Amino acid sequence: MPQRIGQRLRTDDLQIAVELLKAPRAFGQLGDDQKRPFGPEDLQHGADIGKVLGFSSAMILGIPLGMAIAEWLNWRAIFLILALLSIGVVYLINKLVPPMEGDAAVPFLRQFKVLGSAVIVSGLLITLFRESGNNLLFTYVIPFLQNILALPASSSSFVMLWLGIVGAAGSRLGGYCIDRWGVSRVLLAGLVMHAATISTLPLWAGRTIPGIAFLSLMALAMFATGTAIQSYFIARAPQSSNLVLSINTSITHLGLALGAGGGGLVLGSTETLYYHPWLGGLLVGLGLAAASVSIAWGRKKSRSELSLN
1 MPQRIGQRLR TDDLQIAVEL LKAPRAFGQL GDDQKRPFGP EDLQHGADIG KVLGFSSAMI
61 LGIPLGMAIA EWLNWRAIFL ILALLSIGVV YLINKLVPPM EGDAAVPFLR QFKVLGSAVI
121 VSGLLITLFR ESGNNLLFTY VIPFLQNILA LPASSSSFVM LWLGIVGAAG SRLGGYCIDR
181 WGVSRVLLAG LVMHAATIST LPLWAGRTIP GIAFLSLMAL AMFATGTAIQ SYFIARAPQS
241 SNLVLSINTS ITHLGLALGA GGGGLVLGST ETLYYHPWLG GLLVGLGLAA ASVSIAWGRK
301 KSRSELSLN
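The opening position of the sequence shown corresponds to residue 1 in the numbering used here, with each subsequent residue numbered one higher.
Derived by calculation from the structure, the hints in this document are not laboratory data.
Please read these numbers as outputs of a predicted model, since none were measured by experiment.
From the three backbone atoms N, C-alpha and C, an ideal C-beta is built for every residue, glycine too.
Be careful, since some hints might not be right.
[What the hints assert, rightly or not] Restraint ranges, calculated between C-beta atoms of paired labels, are given here:
hint: 1; residue 1: Ala-289; residue 2: Ile-81; range: 21 to 29 Å
hint: 2; residue 1: Ala-68; residue 2: Lys-113; range: 44 to 52 Å
hint: 3; residue 1: Pro-152; residue 2: Ala-83; range: 29 to 37 Å
hint: 4; residue 1: Ala-118; residue 2: Tyr-91; range: 41 to 49 Å
hint: 5; residue 1: Ser-154; residue 2: Gly-88; range: 27 to 35 Å
hint: 6; residue 1: Val-97; residue 2: Ile-209; range: 38 to 46 Å
hint: 7; residue 1: Asp-179; residue 2: Val-89; range: 26 to 34 Å
hint: 8; residue 1: Ile-165; residue 2: Gly-261; range: 28 to 36 Å
hint: 9; residue 1: Leu-84; residue 2: Arg-185; range: 40 to 48 Å
hint: 10; residue 1: Leu-92; residue 2: Ile-165; range: 19 to 27 Å
Build the full structure now, drawing on both the sequences and the hints.
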């Protein structure tokens, strides 16, 4: 049966979860907007894998450290620290990153036409649904661990550290699997695993170890799929990859906002976090459907181009 949350969820836990899970994304957005392309074209695939690895590495260090700072000072201090770190990162990038030549000039209207492609639009829907489903649960992951999976509060930081390590491994695993089996297969397999694992989390209510095990599998699939999505857009729109990846980053933040807001509405109406994984799994399933459509249209387009040649 659903476990009702009889007392109000701790505000500081929710704030820490929201802000720290979004902090790595903020640094990723800065890198996307200011330093694309991230490296030479022949190293672009590895650079994008490294960027996703950076997200998960930030989770490894950021979340446990942020929880410690919140207990030592308060959650508001995290904002000041992030602002100071951001200024430092910008300074180091400006000093240490050598100048790089940009892409060959392509008229903006020609680049913008790629957004009229059903392959790209459905690909962006993958990101929207996936990030919404992720954040619907991950905004409240610490209260979920404590109230649904019966994790002791003292162990929360260790579990978040573990999930960050799993995420880093998932990023590397995603890159390896893409090189071995191709981006389309990895994208579909990752979304299937992601949807399946997040949907089964309520079944482990009150059972901490199995619940954390399935949450770990979910994190593994989530970060492996993140690597695949980046590579998918580069493969489908090589001449407009900068534009598409920038829009994809914006869609990512939109999905994060929708997921966090939707999760709050569900919590307010049900007073429990029990149903959040099911709704998150539904959204990730919609992302899987969008991926299937995008890949199918992409193959059809490729066959049409071959027949014309």
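Taking the beta carbons of Asp-179 and Val-89, is their distance inside 26 to 34 Å? Holds: the Cβ-Cβ distance is about 30 Å, inside 26 to 34 Å.
If you check the beta carbons of Leu-92 and Ile-165, does the distance land in 19 to 27 Å? 25 Å, holds
Please test the hint of 44 to 52 Å on the beta carbon pair from Ala-68 and Lys-113. 49 Å, holds
Ser-154 paired with Gly-88, Cβ distance criterion 27 to 35 Å: With a Cβ separation near 32 Å, Ser-154 and Gly-88 satisfy 27 to 35 Å, so the hint holds.
With respect to the beta-carbon atoms only, verify the hint that Pro-152 and Ala-83 lie 29 to 37 Å apart. Holds, since Pro-152 and Ala-83 (Cβ atoms, about 33 Å apart) stay within the stated range.
Could one say that the CB atoms of Val-97 and Ile-209 fall in the range 38 to 46 Å? Given range 38 to 46 Å: holds, Cβ gap about 44 Å.
That 28 to 36 Å hint for Ile-165 and Gly-261 (C-beta), does it hold up? 29 Å, holds
Can you tell me whether the CB distance of Ala-118 to Tyr-91 sits inside 41 to 49 Å? 43 Å, holds
If you check the beta carbons of Ala-289 and Ile-81, does the distance land in 21 to 29 Å? Given a distance of about 40 Å, which is not inside 21 to 29 Å, the answer is violated.
At the C-beta level, are Leu-84 and Arg-185 separated by a distance inside 40 to 48 Å? 43 Å, holds
In terms of the numbered hints stated before, the structure departs from hint 1 and from no other.
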